[in-house]
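Assemble the complex: chain H is given as a structure, and chain V must be docked to it using the hints.
Chains as they are written, first to last, in the numbering used here: chain H, 43 to 451; chain V, 43 to 451.
There could be a bad hint or two in this list.
In the DSSO-like style, the derived pairs of lysine-lysine whose C-alpha atoms are separated by at most 30 Å in a straight line are [unchecked claim]:
#  : chain 1 : residue 1 : chain 2 : residue 2
1  : H       : K119      : V       : K326
2  : V       : K187      : H       : K76
3  : V       : K317      : H       : K124
4  : H       : K124      : H       : K387
5  : V       : K322      : H       : K58
6  : H       : K322      : V       : K44
7  : V       : K119      : H       : K179
8  : V       : K51       : V       : K187
9  : H       : K234      : H       : K275
10 : V       : K322      : H       : K322
11 : V       : K160      : H       : K403
12 : V       : K76       : H       : K312
13 : H       : K403      : V       : K44
14 : V       : K124      : H       : K136
15 : H       : K387      : V       : K364
16 : H       : K160      : V       : K309
17 : H       : K143      : V       : K76
18 : V       : K124      : H       : K124
19 : H       : K119      : V       : K136
20 : V       : K326      : H       : K58
21 : V       : K58       : H       : K136
22 : V       : K51       : H       : K326
23 : H       : K76       : V       : K309
24 : H       : K364      : V       : K160
25 : H       : K76       : V       : K76
26 : V       : K136      : H       : K179
27 : H       : K136      : V       : K143
28 : H       : K143      : V       : K136
29 : V       : K119      : H       : K58
30 : H       : K312      : V       : K51
31 : H       : K76       : V       : K326
32 : V       : K124      : H       : K58
33 : H       : K322      : V       : K51
34 : H       : K217      : V       : K51
35 : H       : K217      : V       : K44
36 : H       : K224      : V       : K387
37 : H       : K160      : V       : K51
38 : H       : K309      : V       : K51
39 : H       : K179      : V       : K179
40 : V       : K124      : H       : K179
These are computed hints drawn from the structure, not numbers from a lab.
Number of protein chains: 2
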Amino acid sequence: MKRSQFALKTFREAPKDADSKNARFLERGGYINKLMAGVYSFLPLGLRVMRNLEDIIREEMDGIGGQELFLPVLGPKENWQKSGRYEDLDILYKMDTVDEKQIVLNPTHEEIIVPLVKSMISSYNDLPLYLYQIQDKFRNEKRAKSGLLRGREFMMKDLYSFHINESDLDDYYEKMSRVYAKIFSRAGIGEKTILTFASGGTFSKYSHEFQTLSENGEDTIYLCEKCNVAVNKEIIDEHNYCPNCKSADLIEKSAIEVGNIFKLRTKYSKPFELKVANQKGETKEVEMGCYGIGISRLMATIVEVTAGEGKIVWPEEVAPFKVQLISLGRNVEANELYETAYNDKQNILYDDRDDISAGEKFAEADLIGSPVRIIISDKSLSAGGAEVIDHQKGRTTIVPLDKVLVRID
Amino acid sequence: MKRSQFALKTFREAPKDADSKNARFLERGGYINKLMAGVYSFLPLGLRVMRNLEDIIREEMDGIGGQELFLPVLGPKENWQKSGRYEDLDILYKMDTVDEKQIVLNPTHEEIIVPLVKSMISSYNDLPLYLYQIQDKFRNEKRAKSGLLRGREFMMKDLYSFHINESDLDDYYEKMSRVYAKIFSRAGIGEKTILTFASGGTFSKYSHEFQTLSENGEDTIYLCEKCNVAVNKEIIDEHNYCPNCKSADLIEKSAIEVGNIFKLRTKYSKPFELKVANQKGETKEVEMGCYGIGISRLMATIVEVTAGEGKIVWPEEVAPFKVQLISLGRNVEANELYETAYNDKQNILYDDRDDISAGEKFAEADLIGSPVRIIISDKSLSAGGAEVIDHQKGRTTIVPLDKVLVRID
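Excised from the complex, chain H in its bound form (with noise of 0.2 Å):
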């Protein structure tokens, strides 16, 4: 993409409104254009970022079996009163419609989808179930705030498991741990991100829950350093000890929550009826298990630990653009790298303005965050070749122009 056609405007400040570091940053970066409290557009620059997270998710969900689909934004009322969350849920959006039903905007989707897989399912042949969606979901929260990290409007993925027994259901849940271990690790976060133990309401024992830790972070958990573990507030007063090693040595810290796991068990299989016969013929309630990740939340919790002022640079598999080729007034050389680089389908981005000087390409560049830049100037090229900055490692070479390419796969 070069430059000069790029829908993209960057801001020297951020936005007055702006409430927390992943909004200022997000917004003066142009990736995101706040419309209403907790409610934003993803600009060209946000939109790839997200769609990066998504693939990452959706890679991972398809490798353990998830298979992918659709649910509705709307939901009719009697779903939500049939599991008492109608009235429970206060952050429900509800309205009226012209043909004088009541319908909700979903928070998530359990009320969806356990009457959806009653009709898809007939024995247990037809268990395990893995079916995950990657939607936009809805809170009518009081006080929206933290940019993308409390919205109203949010994108979610959400899986649902279905099986026929409990001890199937720890299987999957224990993989699906070490699954998003993995996500987070490949989002960048994962040496911050910290297995919680929450609460498992009241159909199981525990819940887990991934947090990042950042101070901006508005949970508190009780990591222990050792074991690389913790305890969510919630719970910190019945378990005052590491979950692993026992040790009663747990440091208080901020953090993030970018996803969680949680056993349903039955708890919405019972009200929905949700039930097929076992091997021995004994008709059963399905054993549910459900696995979030707000994936706007995890952009902005990228933002919140990675990010300096003004600054980023993605994680490899993030960034909007791998590679940033600026021109500093010598575009007959960086126009030659770039076709090569485009015609081989390279994710690069060309600053090819030239009525910008190189202090705002330069400044431009910091927000955009490529793991690589490239500057090809008088200066490099009397030096033999393009200068190349490795962001991750740390390391600026000179690199002759037609080495570039191949150095930076």
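Relative to chain H, chain V alone:
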């Protein structure tokens, strides 16, 4: 994908409340599931079709300079008041929120993208600009009907173009018209889809619809069979002749609108004061066009014009699986072929189930509708290999097992 692992449930009969050919076929075939009137879940089989259509559209939009973004479902009342559509559009879903603001579910995105673009452009150098998204849209329809054809929640591609002057808009509009024809051709309904002149509203002489001839279509168009161009019912009184050859020999036909393109001119740039200075230094309102395709509606339209009773052959680029491999008691040979195809990343569904009769397998294969079907049975093996049915060419051949995958490519 192995059929035994694929989350698909087909039915002998369509549900009683399915109100149209597309709903009957797609619900029976396990493509979609009705959640409530006008609101459908896309199951894994149906999502594959929708994603294929999205891929075609995305490729064509990118091909004429479109840049993808993602705008919110929720919209602020104020924006819709500014354009005058808050009161005028009776299909607008309106909702109160906990912080006592009123919001809407966006049925289209002019009111969102125009102020957004205002924040992104500062001079004629930033134009033209072509932005599109693929996103859920919402219409509070009094009577949702016709399956995916008139839904309350539906998937749309909408592109908005921004120009410095009318002639630039005109040029792009013509290009888009040709690209739309290409999209419907790739989607397999090109021959039945007619460029149709429609009202241009107060700001333009005409807009254009792409109308697919179908006896179940809700629209009425007046077709010039010689020129393959039509006039829609709305303007036939003032324009009762072929826009091309001027002949008055027009034939009344039923059709489904699968796309429309519209010169908005300054209809929305006026109220939102979207202006830039042109090369002469004159500040003028930006000229706009909008270009929509209902993607879920397109899927339904393909069914309406392609499917028979319990049977479809999907167009090549749209098919959820390009190849269906059916084993009739010869899983050893079929497995080997499947493994080879799978490793070769072929888009193949392999019916490996051994507790299902041949009749049931064929009936289901008819619902899934791959362009190519391969059957391996005692009969086919004794005839010399696999029976390969190319549904598009209407040809059945026996192909030696080691040549099958070479042949279908």
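Broken hints, by number:
1, 2, 3, 4, 5, 10, 13, 16, 18, 25
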